[in-house]
Amino acid sequence: MKRWLLDWWRTLSTPSKYFSPGFLTVGGFIAGVIFWGAFNTALEATNTEVFCISCHEMHNNVYQELKPTIHYTNRSGVRATCPDCHVPHEWTDKIARKMQASKEVWGWVFGTINTREKFLDKRIELAKREWLRLKTNDSLECRNCHDFQFMDFTRQSPRAERDHATILASGEKTCIDCHKGIAHKLPDMADVKGW
Amino acid sequence: MNLRYTTTILLFMLVSVAAAERSIDAMRGDSPISEETAPPRMPQEENTDIKRGRNYPMQPPTIPHKIDGYQVDLNSNKCLSCHSRRRTEESQAPMVSVTHYMDRDGNFLAEVSPRRYFCNQCHVTQTNARPLVENTFQDIDEILKKRVNAQ
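If you read the protein sequences in the order shown, they are chains A and B. For reference, each letter of the first sequence is one residue, going 1 to 195 in the numbering used here. For reference, each letter of the second sequence is one residue, going 1001 to 1151 in the numbering used here.
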């Protein structure tokens, strides 16, 4: 092992025998651009709804539940897709989330939720994970579109106005504390606070 | 031509004339069967958050806000997440009536009685749709007042 590492180190630390520094720098740059482009394209491809619902677990359960909600169809036609709410938009956070999502690939390979029954049994666990994530980041994915600064309370219903102007404004609560189950059906809420 | 045959034809003609004269009041209105009716516009749900009066004491109060997508099933009851006894302090919503905590034998339960669990069986939202028929309902107070005035 040590020999193998040393060999590699020697190869890397000795000057190139056949390639010019120009070729190596320019070639390295071009290769880097290509690699980065490919990586980013692949990353963005996994960040689309089409990709998400290409698995029947997502297509038959959560996607069908999203359809009648206001985040899918509404008067103005602006809609949220899966990654809008479930993947952070900032690059570092996105990469962190994507690494976590590798566990979901594991679940897909081994069929953790490949039937409706398995999905329903696991729903509370999956939901709690998303609630915790949104609670921890102060409902960041909600706020990517719903900016508190630009909320016109006069256009809200009196109930909404009251709660948004008090407990949301003071930061005592965040979006997900009240708005659970707005895009998907809820699991058994018996032991969930506020229900 | 025998008599029975003639009678049948006559009867048939009579019936068709009668049917043509009386306009059938179906859901599709007066438009002929060969045409499609224009559906009425979808009314808007009222969302004022202001309590409406009740026409009689036992009337289930109507819901003065939108309830789009409210989930009421075995897993959760969105209505009760504001209107249940435990939640009203935080939500400041009116608590469901105490009768909802009683079973059919009049015993008080800790939670809303299963027979009262499905709110929409009695409580409904209101829309801005115009009534299709005139409402002739009279409040008990109006009836009593008429009685007094008549005497």
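Do not rely on the hints blindly, as some may be mistaken.
With a cut-off of at most 25 Å between alpha-carbon atoms, the simulated DSS-like pairs for lysine-lysine come out as follows [said to hold, decoys possible]:
#1 K1146(B) - K193(A)
#2 K1078(B) - K67(A)
#3 K122(A) - K98(A)
#4 K1066(B) - K185(A)
#5 K1146(B) - K67(A)
#6 K1051(B) - K128(A)
#7 K135(A) - K1145(B)
#8 K1146(B) - K173(A)
#9 K1078(B) - K185(A)
#10 K1078(B) - K193(A)
#11 K1078(B) - K173(A)
#12 K122(A) - K1066(B)
Counterexamples of contact, computed for chain A against chain B with all Cβ distances above 10 Å [stated by the list, open to error]:
#13 N47
#14 I53
#15 T69
#16 L140
#17 R162
#18 D188
#19 M189
#20 W195
Note that these hints are calculated values from the structure, not bench results. For glycine and all other residues, C-beta sits at the position ideal for the given N, C-alpha and C.
TODO: Against the structure, test the hints numbered earlier, and report the numbers of the ones violated in rising order.
DONE: The structure breaks hints 1, 5, 6, 7, 8, 12, 15, 17, 18, 19, 20; every other hint is satisfied.
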